[in-house]
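**Q** Listed here are the chains, written in short residue letters.
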Amino acid sequence: MMRFLLLFSRQGKLRLQKWFTPISEREKKKIIRDMTSMVLARQPRSCNFLHWKDLKIIYKRYASLYFCLAIENQENELLALEVIHRYVELLDKYFGNVCELDIIFNFEKAYFILDEFLMGGEIQETSKQMVNRSIEASDMLQETMEEYMSKPAF
Amino acid sequence: MSPSVPLQEMIRAIRSARTQCEERGVIQRECAAIRAQFRQSDNGGRSHNLAKLLYVHMLGYPAHFGQMECVRMIASPRYSEKRVGYLGAMMLLDEKQDASLLITNSIKNDLSHSNQYVQSLALCTLACMGSAEMCRDLAPEIDRLLRASNSYIKKKAALCAVHIVRKVHDLGELFTPAARSLLAEKNHGVLHGAVVLITELCERNQETLERFRKVPGTVPDLVQIMKGLVISGYSPEHDVAGISDPFLQVRILRLLRILGRNNEGASDAMNDLLAQVATNTDSTKTVGNAVLYETVLTVLHIKSESGLRVLAVNILGRFLLNNDRNIRYIAMISLQKIVGTDHNAVQRHRGTIVDCLKDQDASVKRRALDLSLALVSASNVRSMMKELLLFLSSCPPELRAQAASGIFNAAERYAPSQRWHIDTILHVLTTAGGDVRDETVPNLIQLITNASELHCYTVHKLYRALLTDISQQSLVQVACWCIGEYGDLLLRGECQETEPVQVTEDDVLDALETVLQSHMSSPATRGFALTATMKLSTRITDNVDRIRSIVSIYGSCIDVELQQRAVEYNALFRKYDHMRFVLKMQSSVFCSGSNRQVSPLVFLPQVCDLLDLLGGSEVTLQPIPAVGGTAPGLFTNTSSTTGGDLLDLLGGLEPAPPELSYLIFSAAPTVQVYEKAGVALTLSCEKQSDSGLTVTLTASNSTDSDISSFTLQAAVPKVQILANSSCFTQSKSFFRLQVNLKMRIRISYSSQGSAFQDTVQIDSFPGLSAAGH
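So the protein lines, in turn, are chains A and B. Counted from 1, the first sequence has number 96 at position 96 by full-length UniProt numbering; the numbering is strictly sequential. Counted from 1, the second sequence has number 592 at position 592 by full-length UniProt numbering; the numbering is strictly sequential.
Quick caveat, the hints were computed from the structure, so don't treat them as lab data. A hint or two may mislead.
Said to hold, decoys possible - Here are some chain B residues the structure puts well away from chain A; computed CB gaps all over 12 Å:
#	residue
1	116
2	177
3	257
4	276
5	294
6	342
7	711
Unchecked claim - Chain B stretches covered by chain A per the calculated footprint, using a threshold of three residues with CB under 8 Å from any CB of chain A:
#	region
8	79-85
9	156-162
10	187-201
11	557-571
Just so you know, even glycine gets a beta-carbon here, dropped at the ideal spot from N, CA and C.
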């Protein structure tokens, strides 16, 4: 299973954090520090795989954001790269040419999309279209509910 | 979906803060406002407030006061509020917080909500942070959803079940029947979830694994699904770069691996499929390689037929040639895992692996080093070592120590000749002398000692290395020792194995003096150099005075160890000049595994008067072993059998192991103490000083035949610590005791092909009073 997914900028600012196991706040902060320092120190053309404690860390840089995914030892690293890529594609489809600012100002939506793609440290849906459809439907539900709720009662 | 304006405004405000302090101020104000809002009753902006709080939390600021708000929002009927509430629960609550229990009821209600998106929120949150109690509580609900709902919910329920099984292992029983039936679904999401669930159940419980394996088992179903994915036409919904649903394929392959492990029947059933996947999958993109990689892992872990195994290793070999660095890295990790079991198959790719030693990436280099060292064998050791030595000269510093020790191990195991072995070690010391372990020096010295035909070659080579560079301490230490030991061979000039070079005594002494005076030399190295200089005094003829002066200079050196040695060597020059020839004795044993620098005085075996021996036999003298705590490992020749013998010798004399001294020659009245089969031993004593006694033992051979391997070992009781034992200990302690001096001597030699050994005890010494002092 996957243990955690972190998104951070090139300056080390955290943009998204998803933890798939229960960890204390202090431990989370330490892991974030470790990951950012490890990944940011890597040479530009090196391998995308790292070892950290008993986990494999897969990282990939997209524009100004680093995507850092930790998987257990029996998982397939190459597939983890594909998982990261799939998530980026989903974000791109949703926001239309996604950039870091989109994720900063709409972080809760980034989480909602992630929650339709991964769950409990495993992949939930393998079809891009299905995930997109679910997100759209949920958004629609939210809008109609809000509209309905905010209509003045006569 | 329209963005949350209040949230975005706050984010903008925070980002525009120019300093950390300013940012903290903005956040404090915002948090205060949020807290106030939380206390108010329902207003339209609750979800915005919580979202703001979650943003602040992500920046690293405390947000625990939002936990109760999350609980309240989850219970709200509004979908927007539920959505943010559940998100907040996943971010702020975990199973350790008390508040998490409060949402169990809300989750339970939402699991049976009419709207599937509300259900999905509940399922997601449960799978993310559900505690063991919550899981136990809600497991029946999940099971119900697994069986009877739409595929959207089913796939989420499956992963929720996975989480439950991980938290509460016993509940696996509950989900097994449902899991099995899910394999018949068409929806890929549900299939994927089902495969993950079955994998989890099989990994946790051996019985469940057997049940899934039992004929007909799930293997045929999985094989069918895989075939459908691999062979069937293009499916736009699941296609990734020409591979149909790679995520599902990889998951199925992993499950097949678990089912096939150690099971012939299951492995047979999947052989064809694996071969098909291995050959048909397009390997131009990462996706295809991901599937191939999983296939290779599966093939190697089940009981596959040998043809399939070779195919798998060949795929890994192809990976090694891939341009993508990640793929090369993966290949090497996998090859490392199987190099033990499929050694020959991996050997075929040795060339490519060795090429990877030159890769730019540090992780790839490290893996290539591990693999190369594992692939060294008796047949390829020469070529491999060449590559490895080349690598050592250009490798990154963090890999040097590992490379050096790996090379040493490989050289030790597979060295084709002693000369090659010595050359290799010398090469390593020249390139990476600073990174080798401490035992290298004694190990190398032992190796050189044992290779007696190569002494001349070795000393020439080391001398030349010394002239070039004196910064590598291990190399310099070995070189000094060698020069001291075999200096005469060096000065003789001729050598079969290398070109002859004229070396004068002055040259050699110059070299040693450079080492002694250089600031690069460590104290240990200086010790070696001083000792070597001293040893040379017996091997050279013209420059003894020069040596004398060098040695006397160091008599006032600051370093205590050096000073001590110098003083003793000086004493040797002054008082025992006739004795110095014993420095000529080549040591046939050498301490191994010891870091202590050994003074050659230790090798003074004052037991025989050589000139007395008839028959002109060659005598190899063994030094008297020192047994005792203060001189650890000085003579530990792998096992302290000699030490053990000495204990035997002294059985009855003294319970504690004796601390021995060595004896010094002197002319004195002799008495014969032993005579047998033509070998006689005479003893004489002389009082040198008030506190010192010298005992001389002389052995003679009156037979017609030669005697060889003559060794004489002597032991005295512990209380007698004689003067020169200061070589062994830093603190001298002389004490006089009124004890009867006793000595036990063991003689061993071989004559006419048979070995003799005898022991004699001496209770009274000539020239001594009965009191023994």
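**Q** Taking the earlier hints as the rules, which of them does this structure contradict?
**A** Hint check: 1, 3, 5, 11 fail, others pass.
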